[in-house]
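Colleague: Sequence:
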Amino acid sequence: MNRNELRKADINLMVVFEALMLERNVTRVAEKLFLGQPTISSALNRLRTLFNDPLFIRVGHRMEPTARAEEIIQHLSPALDSLSSALSLTHDFDPSISTMTFRIGLSDDVEFGLLPPLLRALRQEAPMVVFVVQHVDYWRIPDLLASGDITVGITQTRGLPANAKRKLLRHIRPRLLRADASDRPLTLDEYCARPHVLVSHTANVSGFADEWLAEIGRKRHVVLSVPQYSALPALLAGTDLIASLPDYTAEAMAVSGNLFCEPFPFETPTLDLSMVWLSHVDTDPAERWVRSRLEAFMSDRGLGKKA
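Okay, so the sequence shown: first residue is 1 according to full-length UniProt numbering, each after it adds one.
These aren't lab readings, by the way, just hints derived from the structure by calculation.
Just so you know, even glycine gets a beta-carbon here, dropped at the ideal spot from N, CA and C.
None of the hints are false.
Straight-line Cα separation of at most 16 Å, EDC-like style, residue types lysine to aspartate or glutamate; simulated pairs:
| no. | residue 1 | residue 2 |
| --- | --- | --- |
| 1 | K167 | D300 |
| 2 | K167 | D272 |
| 3 | K167 | E295 |
| 4 | K32 | D143 |
| 5 | K165 | E295 |
| 6 | K219 | E190 |
| 7 | K32 | D149 |
| 8 | K165 | E287 |
| 9 | K167 | E287 |
| 10 | K32 | E18 |
| 11 | K219 | D189 |
| 12 | K165 | D143 |
| 13 | K167 | D282 |
| 14 | K165 | D81 |
| 15 | K219 | E267 |
| 16 | K165 | D284 |
| 17 | K165 | D282 |
| 18 | K165 | D272 |
Have a look at the derived ranges for each label pair, beta carbon to beta carbon:
| no. | residue 1 | residue 2 | range |
| --- | --- | --- | --- |
| 19 | R166 | S41 | 37 to 45 Å |
| 20 | P185 | L83 | 53 to 61 Å |
| 21 | A67 | A146 | 19 to 27 Å |
| 22 | I11 | P227 | 38 to 46 Å |
| 23 | P269 | F51 | 49 to 57 Å |
| 24 | I97 | D282 | 18 to 26 Å |
| 25 | L160 | D92 | 25 to 33 Å |
| 26 | L35 | P78 | 21 to 29 Å |
| 27 | R184 | T27 | 53 to 61 Å |
| 28 | F131 | N45 | 32 to 40 Å |
| 29 | T27 | F51 | 17 to 25 Å |
| 30 | L119 | D143 | 22 to 30 Å |
| 31 | G257 | D92 | 40 to 48 Å |
| 32 | V223 | R288 | 43 to 51 Å |
Given the sequences, and given the hints that come with them, work out the whole structure.
Modeller: In structure tokens, the structure reads:
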């Protein structure tokens with residue numbers, strides 16, 4: 001392979017090209033890379049000259065890649081990943097003095113139930129580090145990782161990119177939450193008879209609990225669907241509504257003493273909560289540090305586990 005060809009290349013141009021392939025929009029690429037739109041347009045012109053190809057054809061508000069661009073990205077993305085990994089080995093990471101910004105993805109239940117103890121610890125260990133949290137679920141996390149909007153995410157996972165790494169943090173044990181105190185948990189009949197609040201990021205009125213009930217020939221009555229867990233304490237207060245949610249989120253909400261957490265009145269499967277990242281940040285010292293802290297406080301084997 002002729003390494004002299006690399007002398008013609010500008011790494012910054014390659015980064016712009018990869019961003020254009022992901023975003024298909026000059027304005028969004030400029031915002032993502034913190035550059036002016038004229039700078040991105042100029043970089044695109046230089047890329048077209050370098051590769052002797054239009055690379056992108058404008059179709060409405062989008063820029064669709066040519067066949068040559070699709071071929072180039074297949075070789076370029078792994079190369080940029082490898083280069084990023086190599087460069088990461090040239091520096092150490094000291095959390096006590098770092099001013100880095102970490103972009104992490106958390107599902108809503110994790111943000112409510114597991115983020116607070118982690119944040120309290122990190123304010124002592126890394127007081128100048130900035131964390132930007134984005135909402136993720138198993139639908140959004142592959143795209144957010146691929147685009148670089150997050151470098152690590154914690155949620156339930158399904159299909160993941162081939163270059164993704166996954167680490168199981170804990171098994172999720174479903175719990176139900178209610179506002180009316182009782183010296184005994186709900187029976188299955190009472191559970192099915194009570195009105196339910198469902199948390200659904202896709203505006204559904206059916207969830208895992210409905211699938212589990214169907215397996216034993218039972219149904220429940222969902223009267224309200226909301227997009228996030230943080231609304232539950234106010235919604236349940238003073239009502240006979242109940243909600244089904246992960247154990248760590250239910251326990252965090254019950255700490256105030258106004259809500260009460262109890263096991264399901266029937267056997268349920270456990271769900272998996274995992275941490276996911278892409279292989280090109282696997283050896284980066286800063287990313288390894290943040291993953292270690294996420295695992296320590298969000299794993300059921302870590303520092304965040306209650307005694």
